[in-house]
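Residue numbers (our numbering), protein chains in the order written: chain G, 761 to 1556; chain U, 11 to 323.
Just so you know, not all the hints are guaranteed correct.
Stated by the list, open to error - Quick list of in silico lysine-lysine cross-link-like pairs, DSBU-like style, CA-CA up to 35 angstroms: (1) K253/U with K855/G; (2) K266/U with K973/G; (3) K37/U with K855/G; (4) K261/U with K871/G.
Unchecked claim - Ranges of calculated distance between the beta carbons of each label pair, as one might list FRET restraints: (5) I191/U with Q825/G: 35 to 41 angstroms; (6) V112/U with T922/G: 29 to 35 angstroms; (7) S1132/G with G226/U: 55 to 61 angstroms; (8) Q825/G with G47/U: 45 to 51 angstroms; (9) V112/U with L1076/G: 53 to 59 angstroms; (10) T922/G with L82/U: 22 to 28 angstroms; (11) A910/G with I191/U: 53 to 59 angstroms; (12) K37/U with S1216/G: 56 to 62 angstroms; (13) P889/G with G47/U: 20 to 26 angstroms; (14) V112/U with Q825/G: 22 to 28 angstroms.
As the list claims (entries may be wrong) - Which chain U residues face chain G? A few, computed with CB under 8 angstroms, are given here: (15) A67; (16) Y111; (17) D119; (18) S141; (19) F181; (20) Y182; (21) D184; (22) M223; (23) G226; (24) A245; (25) D260; (26) D262.
Calculated from the structure, these hints are not laboratory results.
Small disclaimer: the values here were computed from a predicted structure and weren't measured.
Quick reminder that beta carbons are idealized off the backbone N, C-alpha and C, glycines included.
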Amino acid sequence: MKKLILFLILANSIFGQDLSGTKIYINPGHGGLDPANDRYVPQTGFWESVSNLDKGLALRGILLQVNATVYMSRVANTDADDLPLSQIVADCNAKNVDYFHAIHSNGYDGKSNYTLLLFQGRDAAPTYPPSLTMANYVADEVFKANRTTAKYSRGDFDFYGTGQAYLGVFKNLNVPGTLSEGEFHDYIPESWRLMNASYKKHEAWAIARGFLKYFSQPGFQTGIVAGLARDLYKTVSYYAIASKGDTKVPVNNLKVTLQPGNRVYQGDMLNNGFFMFDSVAPGSYKLIFEAPDYVKDSSTVVVVANQTVFSDKSMLYDSTIAPTILSHVPVTNPGDSVASTAVIKINFDKPMSTSATASAFTITPSVQGTLSWENQNMTLTFTPSVTYEKLTTYTVTVSTGAKSVSNVSIAEPYSFTFTTKSRNRLNLLSSYPVNNQEEISTTFFGRARFDAAILSQSVSGNISLYSPQNVLVPLSIVTSIDNGIGIISFQPQSSLVINSTYRLVIGETLKDMEGIPTAVKDTIVFKTVSEKYLSGTIIDSFEVVGQWKNPGLNPGSIGIDSAKSMVNVTMSVKYSGTKGGRLAYVFTQANGGVCQFFDAAKPAIGSSVSSEFGIWVKGDLSYNILEYWFNDESNTNSEVMVDTINWSGWMLKRIPISSIGGSGQKYFNSIIVKQTPDGTKSSILYVDDAQYDILLPVEEQKENLTPESLTLYQNYPNPFNPETIISYQLPQDNFVTLKLFDVLGNEVATFINEFQQAGRHDYKLGTTNYKLTSGVYFYQLQAGTFTQTKKMVVLK
Amino acid sequence: MKSVFVQIFMLFLVFQFVTTAQPIKVKESKEIIIPGGGEHYFPRFASNDSTIYFTRAYYDGIESINLFSNELKTITSDPGSGFDYQFTGNGGKVFYRTDKYVNGKKYSDIKSINLQTKQIELIESGKRNLSAPKILKSGNCIFKQDADITVNNKQKQTMQLNIIPQDTMLFYSDNNLILLIDGQKRVFDPLGEGSYLWSSLSPDKSKILFTLMGKGTYVTDLEGKVLLDLGYANAPQWSPDGKWIAYMEDKDDGEKIISSEIMLLSSDGKEKLQLTDSKTIHEQFPEWSPSMNAIVCHSADGKIIYLSLEKNY
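Isolated chain G, as found in the complex:
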């Protein structure tokens, strides 16, 4: 009792110092949890505005007890406390104080933790010389209190490198001022300490000591006992500075008793392990440390006035206590189910024997997987190497064979269950191309649709296209989602080779967003177009818009958004030339829309029933219907269905002119897109080079292969007018002549007379160029010793 009375007497007399009449302004930074001017550390929940205010209020409390007059720019942390710097400075100036001090903490890279005091001016030439004095006082005290790595007193001109006033809180201030950044709040051990109220108050004591020095007052007559309690062995998982002891795990729920006086400090659960007794009379004391699961410990300290004496404690874990399981995942409520790839985690409260505990782990039905440890061997993780079965209840058990590192078993078995979902595979719903599909455009783009959204990180290496030579074809790949359907769109980065077989492989480790894999490899084989076309008579190269009319102007259009449906030309997508046609359409209904792109020029396309009309159309898998419209000399309309737009890439979409109704000369007038129930409601169709009398098809050979023998092919078409194609292939480089003779053996023309390289060659012959009349002709190819002749017929 005598000692307690002595303590109380001392506690009441500690504030012998007197700052009566001294006016101090404290600015605890901006308030209001405003991300624009506040700093937040998500790992710890730290807000600088909260921390600064706590320090400021604690400092005010200390200074008031030594009779100072203290003003604060804010005493709460609401939006209204988010004051502009100009008002803070004006308030301080108006209050005509003796000193201004702003309280902050610092942030940088998460690895720094020094004490910084800033003042206005150059490092060695402060605007107000007393500011440097105060900065040094506070830097000394806060550095000692927070035990940071270093201390600095810097002028803002130099610290920020501006050479002139930088910090807004000093600008226009009419008194000396400083700003303390006591520590770094993004250094995680310090961030956790800043969540402790006593730690912040301890910094306030340090600043208050600086004020006493600054105002030439004697120091406090009492001292402080403080320290950090940490686990003797366990290390933290975040970055920590070893020389400061921060690598060891702080002890939560710490209880420290100071004797004599029996004062008790009860710690928090905020991973700091800090404790403090302030206003302690100088003398010898005993500290008793206690914490759940730790061995009780003690130490002695000698308290000195106006100082902090530290007594850190490395606490020994009580090895005789049985370990317990704190939690597990997955945790499911009745009716819940988990993904087929769910990882199991079991969290113990103590470091465990990895071998004994792994042996004690079972999962039923059994699943192949791996066990691993983390969190100082306190978390056991099971990662399945195969997916769980669908709609299956699994039971996980940890038997009493699980032991702590001190070889103490868990008290009783631990068990939990979970049920898997109905899906354990990512399923391919459809694709373009499908397996064994032929006539795929060399400029195609592919699409694979799955029953769940795709995990984009899993796409790499799982969508592969191989050439006939088994060479990987570079692809551009995009993932998207449409009503729960995962879509992978891919396109070769260069055109494919015609008449060739390619192989698309979808890998088994492609995953959905839940990590559920395809599990099996899928291979899709397809073949590119077999024919090569040469242009016929082009009636529209789509280099200009010409007399094309927007669909909204055409009475044939039904159910379209006229503002968004329009015809144009573009340089960005074209088959040939410099531009291509761009037909944008938007249907406003679910079905039955008709979008008519009308060409008022109505170019003639001839009347030959043996001819064909076609347009290069870049398919987009819209699954709407493509039609061409024509009219004849009597202006009778005829619509011809071309195809469902179920392809991608450029294809020459042809129709026989004989399929066009009416009689005599035919005229092309419209491209129609008809909406289908499964069709896309809006898209852009690109078209190019509308033509007739198409020169086709020439049977295509593998262009890249050198032919084994010299071959002269039959011209096509034959009979012909006005153009035909003469094709031949050379097995080796040679001098070549290609000549035309009439039925009497007279040489009519020499088409080719030059040295040519081995490979396939095509020559396009036009009747007008050589003024050929109707009749039979012979064309002759000569290459080296080889000569071959074939017959052709010109019709007029």
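With chain G held as given, fit chain U onto it using these hints.
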């Protein structure tokens, strides 16, 4: 006569409004180059438009520059003198407070300087908690020490407040304003306790303009009835004719000023004008010229900005 305008250069685009009927618009925006360089703050006028007074960083001294002769004068170098100094009505004398620190505590003098004769008068010396001085119609100096308001006549003799003839004054107090009317003190806190910043009486002394810290800026009558709520409007200043209020809309990121523009609001609250619009120059603390032909202010980095105005009303 070599005009200082010859030496100024166009830093900013002339900020003009398209609307021709705008009652006040900026004809030209210029930096006033102060010979010798350095940072300069809080420019203001005295009794005419020809001379701008300003201070250096942290209010150390008062200087002036004549806009036509480019003559630069140092009025005083006393520390702290550049904070809230006052001119007599004819501009012939300036009153100011100067501060010094002893063991960390601020001690202040109040002085006056005759701008023609350079004669300095020491009105109060070495006192704690002295407010910046104010000037009565009579030319006498009035100031506040702690809660007391003291009037000195020209002979530095202290007089009773109740003999102040028909004068109205405002003084800052920690949680309110002190309104002095005809020698009678009255606590003025129309919106409750708080820090009433940048307070001033309208030119006709019938209204009070102030910013309540953390709340906003208001105009009230002398009884405290709110006549106008300006919202966020810092460092407001009555125009000499009382028809306009100039202020700054400043923003910061907690560390530094990131933007500030000079705005005008008509005193009836009906018309709001933006006078500056520079993204790189942060104009602050506007002050009217007596003729209302100009507003001066400083930029956050210590440049003096002169806004030449055109009135259309």
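Quick rundown of the hints versus the structure:
Simply put, K253/U and K855/G have alpha-carbon atoms about 30 angstroms apart, close enough for the 35 angstroms limit, and the pair holds. Of the supplied pair hints, the one linking K266/U and K973/G holds, its CA atoms being roughly 30 angstroms apart against a limit of 35 angstroms. Between the alpha carbons of K37/U and K855/G the distance comes to roughly 38 angstroms, so the proposed pair goes past 35 angstroms and is violated. At roughly 31 angstroms between alpha-carbon atoms, K261/U and K871/G fall within 35 angstroms of each other, so this suggested pair holds.
Take I191/U and Q825/G: their Cβ atoms lie about 40 angstroms apart, and the range 35 to 41 angstroms holds. Distance hint check for V112/U and T922/G: the Cβ-Cβ separation is about 32 angstroms, which falls inside the suggested range of 29 to 35 angstroms. For the hinted restraint 55 to 61 angstroms between S1132/G and G226/U, the CB-CB distance of approximately 59 angstroms keeps it satisfied. Checked against the given bound of 45 to 51 angstroms, the beta carbons of Q825/G and G47/U, roughly 48 angstroms apart, stay inside it.
For V112/U and L1076/G, the hinted distance range of 53 to 59 angstroms is satisfied, since their beta carbons lie about 55 angstroms from each other. Look at T922/G against L82/U: about 25 angstroms separates their beta carbons, and that is inside 22 to 28 angstroms. Separation of A910/G from I191/U is about 58 angstroms and conforms to the stated range, judged on CB atoms against 53 to 59 angstroms. For K37/U and S1216/G, the hinted distance range of 56 to 62 angstroms is satisfied, since their beta carbons lie about 58 angstroms from each other.
The hinted range of 20 to 26 angstroms is satisfied by P889/G and G47/U, whose Cβ atoms lie roughly 23 angstroms apart. Judged by the Cβ atoms, the range 22 to 28 angstroms given for V112/U and Q825/G holds: they are separated by roughly 24 angstroms. Interface hint status for A67/U: upheld, as the beta-carbon distance to the closest one in chain G is roughly 6 angstroms, under 8 angstroms. With a cut of 8 angstroms, the hint placing Y111/U at the interface with chain G holds, because the nearest CB-to-CB distance is about 6 angstroms.
Annotation: D119/U was flagged as interfacial toward chain G, and the flag is violated, the nearest CB pair being 14 angstroms apart, outside 8 angstroms. Below 8 angstroms, beta-carbon pairs count as interface contacts, and S141/U has one with chain G at about 7 angstroms; its hint therefore holds. For F181/U, the suggested interface contact is broken, since its CB lies about 10 angstroms from the closest CB of chain G, more than 8 angstroms. At about 5 angstroms, the closest approach between the beta carbon of Y182/U and any beta carbon in chain G falls short of 8 angstroms, and the interface hint on this residue holds.
At a threshold of 8 angstroms, the smallest CB-CB gap from D184/U to chain G is about 6 angstroms, leaving the interface hint in force. A distance limit of 8 angstroms between C-beta atoms decides the matter here; for M223/U the minimum to chain G is near 5 angstroms, and the interface restraint holds. The interface hint given for G226/U is violated, since its Cβ lies 10 angstroms from the closest Cβ of chain G, which is over the 8 angstroms cut-off. Satisfaction of the interface hint for A245/U is found here, the shortest Cβ-Cβ separation to chain G being roughly 7 angstroms, below the 8 angstroms cut-off.
Interface hint at D260/U: satisfied, since its Cβ lies 5 angstroms from the closest Cβ of chain G, which is below the 8 angstroms cut-off. At about 5 angstroms, the closest approach between the beta carbon of D262/U and any beta carbon in chain G falls short of 8 angstroms, and the interface hint on this residue holds.
Violated hints for the displayed structure, listed by number in ascending order: 3, 17, 19 and 23.
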